[in-house]
Amino acid sequence: MVVRQQARDGDGLFVSGHRACHGCGMALAVRHILEATGKDVIVVTPTGCLETFTSPYGFSPWRVPWIHHLFENGPSVATGIAAALKMQNRQNVRVLVIGGDGGTFDIGFGALSGMFERGDDVLYVCVDNAAYMNTGGQRSGATPTFAATTTHPPGTLSKGKPELKKDLPRIMADHGAPYVATASVGYLRDLRKKVAKAMTFHGPRYIQVDTPCPSGWGFSSHLTLEVGRLGVNCGLVPIYEKEHGRLTSVRKIRKRVPVESYMKAQGRFRHLLSMADAKTEIERLQAIADSIVQEYGLLVQSEKRSA
Amino acid sequence: MRSVEVVEGSEAVALAVKACRPHVISAYPISPQTHIVEALARMVANGEVSAEYVCVESEFSAASVVSGASAAGSRSYTASSSQGLMLMTEVIYASAGMRLPFVITGVNRCISAPISIQIDHQDAISLRDSGMIQIFVESVQEAYDAHIAAFKIAEDPGIMLPVMVCMDGWILTHSYEPVYFTDQSAVDSFLPPFKPENFLDVDNPKTWGSYAEDDVLMEFRYSIHKAMQYAKGRIREIFHELSILTGRDHGGLIESYRTQDAEIILLAMGSVAGTVKEAVDMMRSKGKKVGLVKLRCFRPFPHEDIWEAIKGARVVGIMDANFSMGSEGAVGLDLKAKVCGRPSAPKVIDFIAGLGGKDLGMQSIEWIAQKAEEALYRDEPQIEPCWVNLNPAIVD
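As you go down the protein sequences, you meet chains A and B in turn.
Residue 239 in numbering that gives the first Met the number 0 is what sits at position 240 of the first sequence, and the numbering runs on without skipping anything.
Residue 297 in numbering that gives the first Met the number 0 is what sits at position 298 of the second sequence, and the numbering runs on without skipping anything.
The hints are simulated quantities; they were obtained by calculation from the structure and are not laboratory data.
Small disclaimer: the values here were computed from a predicted structure and weren't measured.
Among the clues, some could well be false.
With a Cα cut of at most 25 Å, we get these calculated DSS-like pairs of lysine-lysine [claimed, not checked]:
id, chain 1, residue 1, chain 2, residue 2
1, A, Lys251, A, Lys192
2, A, Lys254, A, Lys192
3, A, Lys85, B, Lys205
4, B, Lys276, B, Lys310
5, A, Lys85, B, Lys194
6, B, Lys346, B, Lys276
7, B, Lys194, A, Lys38
8, B, Lys225, B, Lys194
9, A, Lys38, B, Lys205
10, B, Lys287, B, Lys276
Facing chain B, according to a computed beta carbon distance under 10 Å, are these residues of chain A, among others [what the hints assert, rightly or not]:
id, residue
11, Thr44
12, Glu50
13, Phe52
14, Thr53
15, Pro60
16, Pro74
17, Ala77
18, Tyr186
19, Ile281
Every residue gets a Cβ at the ideal spot worked out from N, C-alpha and C, and that includes glycine.
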């Protein structure tokens with residue numbers, strides 16, 4: 000029987016017909032990522048939403064060679080492919096991992112760290128929807144503070160996830176990676192630019208893309224880009240680049256919004272807005288955003304003065 | 000290098016792998032496997048092997064690296080033992096399912112707990128159902144030859160499965176034996192470069208590792224089984240072809256030793272087979288009609304070949320260096336499943352022998368043969384396995 004399937008016809012490298020939910024930020028991100036890489040890439044995708052909605056046997060939207068192997072080994076499979084390409088003198092072909100936050104922050108983190116420590120020539124893009132959405136929205140290391148997930152639900156003793164989101168871009172930059180960037184589907188041109196730039200570097204590179212998830216985060220499917228932009232403009236999702244560990248660019252916030260506006264736009268924070276005693280939590284989340292804004296210098300000068 | 004030299008078992012394996020010209024080698028240290036990958040690392044460092052050698056942070060990644068390399072169309076190799084093989088388990092299942100034909104040396108060692116670095120076959124047996132072909136070897140020479148065959152078996156277009164060469168730790172990896180080496184040109188003619196029909200190719204993009212449901216998943220599993228069944232014939236042929244090339248014949252899927260007229264047949268895998276052969280000779284000299292079936296290929300399970308060898312015997316005593324808790328040894332289970340119910344089948348008794356490196360000398364083997372013979376004079380079948388050399392002072 001046929002073990003590998005042929006991609007279907009269509010425009011672009013990631014074509015229609017996949018099974019993502021309406022308004023999926025991840026599907027949108029992937030199309031733009033591949034637009035920026037061009038066709039000479041081999042894509043590895045660890046288990047997760049992306050793998051599930053793009054690979055039901057007999058259907059494939061991938062018009063680049065694509066491989067899914069397991070959940071926690073995307074980086075190592077990519078390393079193996081890169082090693083093989085080197086031995087085969089196929090230097091024109093690059094290796095790209097596109098994985099979710101579960102496979103990247105949590106279960107695949109050991110392999111990711113190993114790959115960056117070795118310095119393998121792989122671009123790793125994490126399409127971050129901030130929970131295990133493929134299995135119904137469980138808490139991951141990427142889930143933001145106080146978001147409700149099915150495994151950390153709000154309750155009489157709980158206000159959602161109490162811990163901070165793991166700062167993975169910082170950790171990857173601290174591995175000495177030549178290029179680390181963050182992006183959001185709220186700003187697709189910026190995403191394409193960063194992917195294209197990452198392709199000019201060799202060695203391990205990391206891009207983390209905030210990909211809002213209508214069904215998991217609880218918003219209408221036509222608001223994906225807007226929720227993405229709210230995340231950026233409230234300060235919780237900083238957009239920046241680091242080259243060889245040094246911050247080289249940030250996306251300034253022109254019109255800052257309070258985190259409460261970001262929270263109101265989504266179901267995953269609704270419990271805090273309706274809880275009478277959640278004022279300190281909302282303030283804490285605002286303080287987290289403020290410290291991010293300050294650390295990366297995200298405000299334009301005039302607002303900095305008035306603040 | 001001269002064509003015969005006294006080398007350590009691990010070095011012999013590394014030299015066999017070198018002769019197979021792998022593109023990608025990836026490994027993580029674990030005793031008693033480590034000498035093999037150290038030797039390969041040295042060969043790569045000295046330019047004797049042209050390969051990418053990837054040092055990884057876990058066995059899980061080692062198996063994943065060779066899977067990725069294999070999918071990209073490169074011959075690839077890894078090795079591990081015990082806990083390392085357990086950690087690779089998920090990767091090996093997936094790689095068999097995706098038909099990625101790398102070769103792995105499974106240096107046999109027992110599984111925790113208690114933690115121990117002594118040998119038995121529990122690690123390899125735990126991968127029994129993965130879809131990986133498993134070949135057990137008796138000697139360093141057989142290990143050397145089997146690795147060269149393993150790549151050809153794995154990469155056969157009708158097979159395309161990972162192959163594990165299982166060799167007992169310490170006894171084989173760390174002992175020095177004279178080993179006859181095969182000329183590079185002979186290996187090259189036997190094993191041409193890996194040119195798979197499918198590989199990750201930007202000019203012919205395909206989707207690998209799809210999600211499947213009830214409409215095809217069972218068919219995927221069946222196709223692996225079919226490849227395993229087909230592999231039985233190819234493994235016989237490939238071993239035969241190699242034996243003509245090298246002048247060394249270790250047998251096919253099994254090796255039969257003095258089974259022709261044997262009434263009692265012992266069945267064993269791995270290095271213990273050497274001792275069993277000695278014990279068979281010794282018992283023969285005392286007039287006992289004993290023989291040995293050495294199981295070389297455990298997966299696919301060659302019950303047809305075993306049947307041909309044992310059908311004239313009265314009793315078969317299996318020496319299982321592994322145990323399925325709450326049941327019995329793996330080879331015992333397989334053989335009983337395939338033999339019981341055949342008309343005039345010999346009695347089959349499973350002996351659990353040599354777990355955690357428990358010594359199996361000539362006397363123990365004679366005791367096993369004796370126990371097997373005694374069972375012939377009892378009417379009731381021997382259902383429960385018989386534990387060999389268990390210390391009653393400890394277990395009672």
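Right, here's what the structure says about each hint:
{"no.": "1", "hint": "Lys251/A x Lys192/A", "verdict": "16 Å, holds"}
{"no.": "2", "hint": "Lys254/A x Lys192/A", "verdict": "23 Å, holds"}
{"no.": "3", "hint": "Lys85/A x Lys205/B", "verdict": "20 Å, holds"}
{"no.": "4", "hint": "Lys276/B x Lys310/B", "verdict": "20 Å, holds"}
{"no.": "5", "hint": "Lys85/A x Lys194/B", "verdict": "16 Å, holds"}
{"no.": "6", "hint": "Lys346/B x Lys276/B", "verdict": "21 Å, holds"}
{"no.": "7", "hint": "Lys194/B x Lys38/A", "verdict": "23 Å, holds"}
{"no.": "8", "hint": "Lys225/B x Lys194/B", "verdict": "22 Å, holds"}
{"no.": "9", "hint": "Lys38/A x Lys205/B", "verdict": "13 Å, holds"}
{"no.": "10", "hint": "Lys287/B x Lys276/B", "verdict": "13 Å, holds"}
{"no.": "11", "hint": "Thr44", "verdict": "8 Å, holds"}
{"no.": "12", "hint": "Glu50", "verdict": "7 Å, holds"}
{"no.": "13", "hint": "Phe52", "verdict": "9 Å, holds"}
{"no.": "14", "hint": "Thr53", "verdict": "8 Å, holds"}
{"no.": "15", "hint": "Pro60", "verdict": "9 Å, holds"}
{"no.": "16", "hint": "Pro74", "verdict": "8 Å, holds"}
{"no.": "17", "hint": "Ala77", "verdict": "6 Å, holds"}
{"no.": "18", "hint": "Tyr186", "verdict": "28 Å, violated"}
{"no.": "19", "hint": "Ile281", "verdict": "40 Å, violated"}
Comparing the model with each earlier hint shows violations of hints 18 and 19; every other hint is respected.
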